[in-house]
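Participant: Given next are the chains, with one letter for each unit.
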Amino acid sequence: MADPITISDLTKVYREGQIEVSAVNRLSFSLREGEVVGLFGPSGSGKTTLLSILGCILRATSGSLKLYGNEVSTLPEEKLPAIRKRYISFIFQGFNLFPALTAMENVQLGLKMKGISGADAESRAKEMLAEVGLEQRLRFLPRDLSGGQKQRVAVARALAADSPIILADEPTGNLDHANGRKVMELLKKLAVDKNRCVVVATHDNRIEDIFDRIIYMEDGGIIRERRGST
Amino acid sequence: MFYVALRILLYDKVRSLITLLGVVFAVGLIFNQLGIFLGLMETSSVIVDHTPGDIWVTSKNSKNFGFSQPFPEYLYDHVASDNDIQWAEKLIVTWAIIKQKEGGTEQVELIGFNPDTRIGGPWEMKKGNLRDLKNGNFAIVDESAMKRLGNISVGEYRDILFRRIQIVGISSGAKSFTTAPLVFMSYKLVQRISDWVGPDNTVFIVAKVKPGANVDHVKERLKGHLKGVDVYSKGDFSFKTRKYWAVETGVGFSFLLTIVISFLVGMLIVGQTIYNSTMEHIKEFGTLKALGATNREIYKIIFSQAMINALAGYIVSLIITTVSVKMYEAGGMVMVVRGWVNLLVLGLTLFMCFASAFVSVRRIKRIDPAILFRG
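Read top to bottom, the protein sequences are chains A and B.
Residues 2 to 231 in the working numbering are what the first sequence spells out, letter by letter.
Residues 148 to 522 in the working numbering are what the second sequence spells out, letter by letter.
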């Protein structure tokens with residue numbers, strides 16, 4: 002079976018006036034199922050741009066992006082929501098939960114976007130929130146949850162739909178070390194148990210040991226790559 | 148999506164309340180202006196509309212029902228003798244001064260009709276009988292004129308056109324566009340006391356065509372025969388009267404302008420609120436897109452918000468308007484709110500709210516994925 006993500010010669014160029022800036026510069030790699038990959042690098046190194054392209058919410062300037070062997074970089078814009086719906090879930094630093102919806106409803110809404118609704122969505126949302134330890138907080142609004150709990154709701158939302166690829170941007174960025182570590186361990190456990198491909202863009206060196214593989218980026222390119230300690 | 152939209156609106160209660168008030172204000176004003184305008188239009192042609200008959204003969208170039216000139220009464224015979232005419236009646240409409248009980252005067256619109264046939268007379272009586280107008284100096288006053296005429300009552304005497312006239316009845320529903328009270332008398336009495344009309348003139352001839360005869364054909368034939376007058380079908384004369392007040396006096400334009408301004412104000416308020424709400428939730432909407440939602444799925448949330456605002460504002464406005472109708476009635480004015488008016492305003496309200504949501508929809512379409520990654 003083809004790898005979840007395969008990129009080759011992937012390039013993203015931004016134009017600022019007369020100046021062209023390569024945010025991602027001729028990257029090539031493959032990511033496997035069950036693999037938890039960390040993208041490390043300073044601000045402006047291109048990790049968020051890369052994550053956006055992998056998530057099909059930003060188009061590369063050139064190069065190839067294949068999801069499970071299917072070329073998606075050449076697909077027209079209107080086909081991309083279906084690709085995201087089928088393959089990809091996101092976790093963001095700012096959680097991005099609807100403040101008016103409870104933890105349960107936020108997860109259900111995420112599921113609805115994946116085409117799952119009704120009783121099925123309700124039971125899956127409950128199950129996933131229980132897995133992230135929030136079975137007592139189902140009816141809580143985001144404002145009544147701590148930062149760590151909000152991020153766990155976001156993790157539940159990302160994982161509930163069984164998307165094979167999870168992309169996370171600074172998931173520990175708004176959390177203290179202990180909570181950040183808990184969230185990452187949870188993400189790792191769920192990813193490994195359910196055989197997901199997880200890509201995490203982060204600055205947080207304290208969680209390096211969580212990853213199976215670490216890619217260091219600078220100026221849009223890969224400067225180093227190593228296997229993780231796990 | 149409707150549920151999500153509702154939850155978003157309920158979450159920010161203050162903002163939603165302000166939006167609701169904005170919609171209620173705009174829609175209430177539209178209801179109000181439209182209702183009063185239609186009320187004025189109905190009153191402008193109320194006698195024409197309530198008088199049986201298919202054809203109206205008026206003086207040449209009459210602009211409307213209230214401003215017609217006298218013309219020779221003998222033309223009545225030409226009309227009545229037409230083979231396709233079932234009956235014809237003469238009607239006088241003129242202006243007069245009525246003396247108030249405590250002194251002072253008030254202008255009234257006098258209508259002289261035949262009490263035997265009742266054609267052109269009041270169609271609903273509160274007190275008295277139309278036949279009481281016969282054989283004497285008698286008048287019927289409409290109840291809407293009570294305030295203007297100082298609570299006039301049956302049996303009372305008033306000076307109208309310098310004649311002592313006894314009030315013998317009170318009618319209902321006969322209001323004039325100009326708000327001048329309508330006073331009904333027998334045709335013969337008005338013809339006798341009004342110098343303006345004169346003994347050999349009339350102001351209108353109303354005729355009914357025989358069953359099976361074509362109104363337009365009869366009308367055209369009469370037009371050809373009768374010189375110095377105009378001949379209209381009932382509908383045409385009613386429309387001409389309404390058109391005069393609505394278009395030629397500018398009344399319609401001023402009402403239309405207020406309706407348009409109300410519509411724009413409502414659109415701005417709803418648009419501003421939905422746009423602010425969209426911008427506040429832009430990351431969440433972006434996240435839904437990242438999860439695979441199509442633009443259309445997110446538009447559903449935006450348009451649901453617009454629809455909830457529209458329906459809530461409309462319902463509250465309708466309740467206020469229903470109460471207003473009673474208040475206007477008590478004040479002697481007519482405000483028309485009917486099924487089709489309700490549907491029209493509902494359509495305008497939905498259009499106003501949906502149109503205002505388009506700015507937000509455009510914003511959703513252009514969500515920059517970068518915002519999702521900002522903590």
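Treat the hints loosely; a few may be bogus.
[Said to hold, decoys possible] List of simulated lysine-lysine pairs, DSS-like, C-alpha gap at most 27 Å:
#1 Lys447/B / Lys80/A
#2 Lys86/A / Lys512/B
#3 Lys447/B / Lys86/A
#4 Lys113/A / Lys512/B
#5 Lys80/A / Lys387/B
#6 Lys113/A / Lys447/B
#7 Lys67/A / Lys447/B
#8 Lys512/B / Lys127/A
#9 Lys160/B / Lys113/A
Because the hints were derived from the structure by calculation, they are not lab data.
Participant: Going straight from one Cα to the other, do Lys512/B and Lys127/A come out at no more than 27 Å?
Facilitator: Violated, at about 32 Å.
Participant: For the pair supplied as a hint, Lys160/B and Lys113/A, confirm whether the alpha-carbon distance does not exceed 27 Å.
Facilitator: Given pair Lys160/B, Lys113/A holds - Cα atoms ~26 Å apart, limit 27 Å.
Participant: Between Lys80/A and Lys387/B, is the straight-line Cα distance small enough, at 27 Å or below?
Facilitator: Violated. Lys80/A to Lys387/B sits at ~59 Å, over the 27 Å cutoff.
Participant: Is the hinted pair Lys447/B and Lys86/A satisfied, with a Cα-Cα distance of at most 27 Å?
Facilitator: Given pair Lys447/B, Lys86/A holds - Cα atoms ~18 Å apart, limit 27 Å.
Participant: Given the hinted pair Lys447/B and Lys80/A, is their Cα-Cα distance within 27 Å?
Facilitator: Cα-Cα ~19 Å, so holds.
Participant: For the pair we were handed, Lys113/A and Lys512/B, check the Cα-Cα distance against 27 Å.
Facilitator: Holds. Lys113/A to Lys512/B sits at ~20 Å (cutoff 27 Å).
Participant: Does Lys67/A pair with Lys447/B here, judged by a C-alpha cut-off of 27 Å?
Facilitator: 31 Å, violated
Participant: Could you grab the alpha-carbon distance between Lys113/A and Lys447/B and see if it respects the 27 Å cut-off?
Facilitator: 13 Å, holds
Participant: For the pair supplied as a hint, Lys86/A and Lys512/B, confirm whether the alpha-carbon distance does not exceed 27 Å.
Facilitator: Roughly 18 Å between the alpha carbons, so the hint for Lys86/A and Lys512/B holds.
Comparing the model with each earlier hint shows violations of hints 5, 7, 8; every other hint is respected.
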